[in-house]
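> Listed below are the residues making up each chain.
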Amino acid sequence: MEYFIHTYCHIKENTISVNGEPFFASAALTVPEFLKEAYQKLAISYPKFHKMDKMSKLALISSEITLKGVENGENVALVFSNCAASLDTDINYQESISLPDNYYPSPAVFVYTLPNICVGEVSIRHGLNTENAFFVSAGFDADKINAYTEYLLQSGKAEKVLVGWLEVLENNYECFMYLVDTKGSIPYSKQQIITIYNR
Amino acid sequence: MLKAYIHSYNLITPLGLSVSENWQAVISGKSGIQQQHIPNVLPDPFFAAIIDEQKSGTDFPSEIITKLEKMLYLALLPVVKADPVQGRSLLILSSTKGNIELLEQHRVQEAHLSVLANKIAHFFGIKDALVVSNACVSGVMAVGTAKRLIQMEEIDSAYVIAGDVLTAFVVSGFQSFQALSDGVCRPYDRDRNGINIGEGAAACFISAEKENAVFEILGDANINDANHISGPSRTGEGLHRSIESAIAEAQIDRREIDFVSLHGTATLYNDEMEAIAMNRSQLQDIPCNSMKAYYGHTLGASGLIELILSMESAKKGTLIPSKGFENTGTTQEINVIRKAEEKQIDLILKTASGFGGSNSALILKKCTI
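Each protein sequence line maps, in turn, to chains A and B. In terms of our numbering, the first sequence is residues 1 to 199. In terms of our numbering, the second sequence is residues 1 to 369.
Bound conformation, chain B alone:
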């Protein structure tokens, strides 16, 4: 089978409208999460990370209308510039809810995810589109899907875009689960008490071409817990198996993994499950983090945002601290990164877990020039 490589990428988040702005913000410890008073979204104040629409300062094409469309457009624009559309290329959109706020006006047809994906694809001259909507693992799975379709020679390249926005729909839902934190979230910490919702978008270009690539995708897996639709497995079954499957495909010694970018939503059960899975896979000593205290949980965007920051981390040779972590809060220890440290990073493991019992693992290797 062919191999798949990651080329250019971009980030649009509350912490910045480029990768470098995001890197600067994260490495200086900034968080995009603030207390919000938006009665249309939730009657009471809540903590979330929101993009200030005024900040973009761009004139958008007339067909780019909703906030999410603008974010996806801004995310993809420099990527298409760096890696122009050619050959059999596919747009892969990762999103959980897309333009769901259009349902408030009963615009059901326009709220379809495929309509959003086709609109963005059409605008950039990409002839085909596919959506990955697999809850919170979507962003990681979208990258894995690009890899798999390239390996099968179904496509030559893919533009993976990921995005979700903060809406009354999503915030009220997580509130109904009593899953929202009463402050900035604290992944893996003993005092963690839930998630913050965030919004963001990301884009990257993946192709079979090795020239000018920055990372190779060595392995990926998406294995279900088969346990519960809204709670993680207590044994970390699906995540453990996903990690094992990805490692087996990558044909690496697990001790060579330099850094693990975990999901770390800061709910009691998710973080505990991840610590168990990491120990079952004997990865407990490898430096790991969660980026949720910088960005909140950006749902379908989170996996790709975190993957891109992990690649930046490897490029810079600097580990990103797991913001919000002070005291061990899981029954099994994992090596949560406390401060920005220099480290040679060549092999990255990225994981995600979500509703529906879904889990994903992806292994990246830095390309040597």
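Looking at chain A on its own, in the form it has when it is part of the complex:
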């Protein structure tokens, strides 16, 4: 079977590009503000979005773009990774338990102190009862992510694979996401992914 990169998307520095073309740019001053504007640009109604942490919001926005045209119930595996895991939300949660006279641990925050929650959010949004994984590595590990993706396709455990690098820590964020599919115009290979990632 031959595989292609069906769609890819970059989100960083207040801009979103899709397949290398500009899709959205914002003058937002904060990360949450940018994510809210990006959500509005998508013109979808998904109220749960507003309860999510930054990483899940980033995953939701980028998957909305890359899974466009994919039907609910298709066998699309999710393979996400980053460097900071959920440290962005962990820092918020830690603040809520640090001071005895200002102690307010919240389940709504605590649940996001796991990096794979964003995988769950995308699975729910797109009805994906599929293979899913969240890896953490110092940088985007194209070798292992590629081997894992090819495993899922070759073993028949997935028909398509949505791969995401979703880094969020305080004021820094970066997202790179792509859908590996039997359809598309860019032949899929590890080298191609590395080339596109560095764009």
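There's no promise every hint is true.
[As the list claims (entries may be wrong)] Now the in silico label distances, taken between C-beta atoms and shown as ranges: (1) B/T58 to A/Y104: 37 to 43 Å; (2) A/G127 to B/E211: 44 to 50 Å; (3) B/Q282 to A/A108: 34 to 40 Å.
Calculated from the structure, these hints are not laboratory results. C-beta atoms are modelled at their ideal positions from N, C-alpha and C, and glycine is treated no differently.
Starting from the known structure of chain A, arrange chain B on it as the hints suggest.
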């Protein structure tokens, strides 16, 4: 595709600092869970399983500093001795929170999971590291990840290490969910009322080499519920599908499975969901257990700790009782092990489920000598 085999393994838990100590404790019915008074962790007393740091009696290398680093070091040391590092080897760390307590001192950089993984890998001369952080299924998924990367010939072997420690961060979080039990937890029992947090570490060596291997990994799957981020699916959808996918890959008749090591956190919803998934997969008559009443929930370590005890159980030909279980507490029956019984165990199914709708299933077959 190549096959993947499990070789040496080790356990570091409140019940012992070796596999044999752990086996002795578990089979004699001991639990590591006790009432704890640690105001820094939680204002009120709570039940949890904690490792006594004084007990290790070891001098640690200067770079091995935190309690978790010491546990991971102790877990991996005999494994690397038994199966020395060679070829394209990868360290796979399974952990949910790693050195999260460093955030108390705002040491954000050092709290990164990849920093911890690379530190341990570097110390043991393993050139590459990857972290699996998939909530409570991490330990099982880390073993499956090693298998998959070996099958794809991306690596020759992997040292899978798993560990989490008890912290104010984790205990306060589960307390905020009102998920903590007011006593030692009781998986699958009608009187169960929540989990205990535990801490522990485990390590194993996995390679494509069959010689001297103890178990072959026949199949694995990790399928999402797509239902809720903090509660299990009421229909057991993801777990059922994970089990089916793993069985299909293993090409076995499900009636040949000798024993199922379940997740069994002892929350109302988790245990009920597992009973439903087990029935949907027609595994309700196969002996099964939860090991949470021995160890508490050790989060990212639990899957590997329980997998290792399951392999010991097969080696000894003895089923481990599901501690804390007396009366059926799920709407559908499953065959929860009540007492240690002798049984020939060749095929093991290990499952786990966790936050984010994650589920994992893994099938092991004992290697014949």
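> If a hint holds in the structure, say so; if it doesn't, say that too.
Here is how each hint holds up against the structure:
Range check, B/T58 to A/Y104: about 40 Å between beta-carbon atoms, so the 37 to 43 Å window is met. At roughly 45 Å, the beta carbons of A/G127 and B/E211 sit within the given window of 44 to 50 Å. Between B/Q282 and A/A108 the beta carbon distance is about 38 Å. The supplied range of 34 to 40 Å therefore holds.
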